[in-house]
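**Student:** Sequence:
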Amino acid sequence: MTSYTVKNVNNVCQAFRIENNGTQTMICSEGDTVTVNGKTYTVRKRSTDNKCCIYQVFGQAGGQATPDKLIAEENQIVGGQQ
Numbered sequence: 001m002t003s004y005t006v007k008n009v010n011n012v013c014q015a016f017r018i019e020n021n022g023t024q025t026m027i028c029s030e031g032d033t034v035t036v037n038g039k040t041y042t043v044r045k046r047s048t049d050n051k052c053c054i055y056q057v058f059g060q061a062g063g064q065a066t067p068d069k070l071i072a073e074e075n076q077i078v079g080g081q082q
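Each residue of the sequence shown is one higher than the last, beginning at 1 in my numbering.
Keep in mind that the hints were calculated from the coordinates and are not lab data. Do not take every clue at face value.
[Claimed, not checked] Cβ-Cβ distance ranges computed for the label pairs, FRET-style:
1. Lys69 x Asn21: 25 to 31 Å
2. Ile27 x Phe58: 25 to 31 Å
3. Asn11 x Gln76: 17 to 23 Å
4. Asp49 x Ser29: 18 to 24 Å
5. Gly22 x Gly59: 31 to 37 Å
6. Thr25 x Lys51: 18 to 24 Å
7. Asp49 x Ile77: 17 to 23 Å
8. Thr33 x Asn11: 16 to 22 Å
9. Phe58 x Asn10: 28 to 34 Å
10. Val12 x Leu70: 17 to 23 Å
11. Thr25 x Val57: 16 to 22 Å
12. Phe58 x Gly22: 28 to 34 Å
Just so we're clear, the structure is a prediction, and the values are computed from it rather than from any experiment. Beta carbons: idealized from backbone N, C-alpha and C, even for Gly.
Make the full structure from the sequences, and use the hints.
**Tutor:** Spelled out as structure tokens, the structure:
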């Protein structure tokens, strides 16, 4: 199964897909969004400590903005086999 991680590369947050063979492919850069399995994600620096993080983006529901959900912190791997 595919896993994901987020890294700070030259002071820019980037999300990477990690294949079963260990190959890492950049899929999203800071300020962009990517859709995986029907869900939308973005990467950005967390305001409290400036660490790069992956967030699930919810947008607006019923006219109110829904806060983005933290999925992973810098250098943490998510997804894959549990």
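**Student:** Could you say whether the range 31 to 37 Å given as a hint is met by the Cβ separation of Gly22 and Gly59?
**Tutor:** 34 Å, holds
**Student:** Quick check on a hinted range of 17 to 23 Å for Val12 and Leu70, using CB atoms only.
**Tutor:** Because 19 Å falls inside the window, the suggested range holds.
**Student:** Between Asp49 and Ser29, is the Cβ distance one that fits in 18 to 24 Å?
**Tutor:** Cβ of Asp49 to Cβ of Ser29: about 20 Å, so the range 18 to 24 Å holds.
**Student:** For the pair Asp49 and Ile77, does the Cβ-Cβ distance stay inside 17 to 23 Å?
**Tutor:** 19 Å, holds
**Student:** Are Phe58 and Gly22 spaced within 28 to 34 Å by their CB atoms?
**Tutor:** 32 Å, holds
**Student:** For the hint 25 to 31 Å, verify it against the beta carbon of Lys69 and that of Asn21.
**Tutor:** 29 Å, holds
**Student:** So the hint says 28 to 34 Å: do the beta-carbon atoms of Phe58 and Asn10 match that?
**Tutor:** Holds - the Cβ-Cβ distance for Phe58 and Asn10, about 29 Å, lies within 28 to 34 Å.
**Student:** 16 to 22 Å was suggested as the range; check whether the CB atoms of Thr25 and Val57 agree with it.
**Tutor:** 21 Å, holds
**Student:** Taking 16 to 22 Å as the hint, is the beta-carbon distance of Thr33 and Asn11 inside that range?
**Tutor:** Cβ of Thr33 to Cβ of Asn11: about 20 Å, so the range 16 to 22 Å holds.
**Student:** At the C-beta level, are Ile27 and Phe58 separated by a distance inside 25 to 31 Å?
**Tutor:** Between Ile27 and Phe58, where Cβ atoms are some 19 Å apart, the hint is violated.
**Student:** Hint says 18 to 24 Å; check whether the CB-CB distance for Thr25 and Lys51 agrees.
**Tutor:** 22 Å, holds
**Student:** If I claimed the Cβ atoms of Asn11 and Gln76 lie 17 to 23 Å apart, would that claim hold in this structure?
**Tutor:** For Asn11 and Gln76 the Cβ distance comes to about 19 Å; the hint holds.
Consistency with the previously given hints fails for number 2 only.
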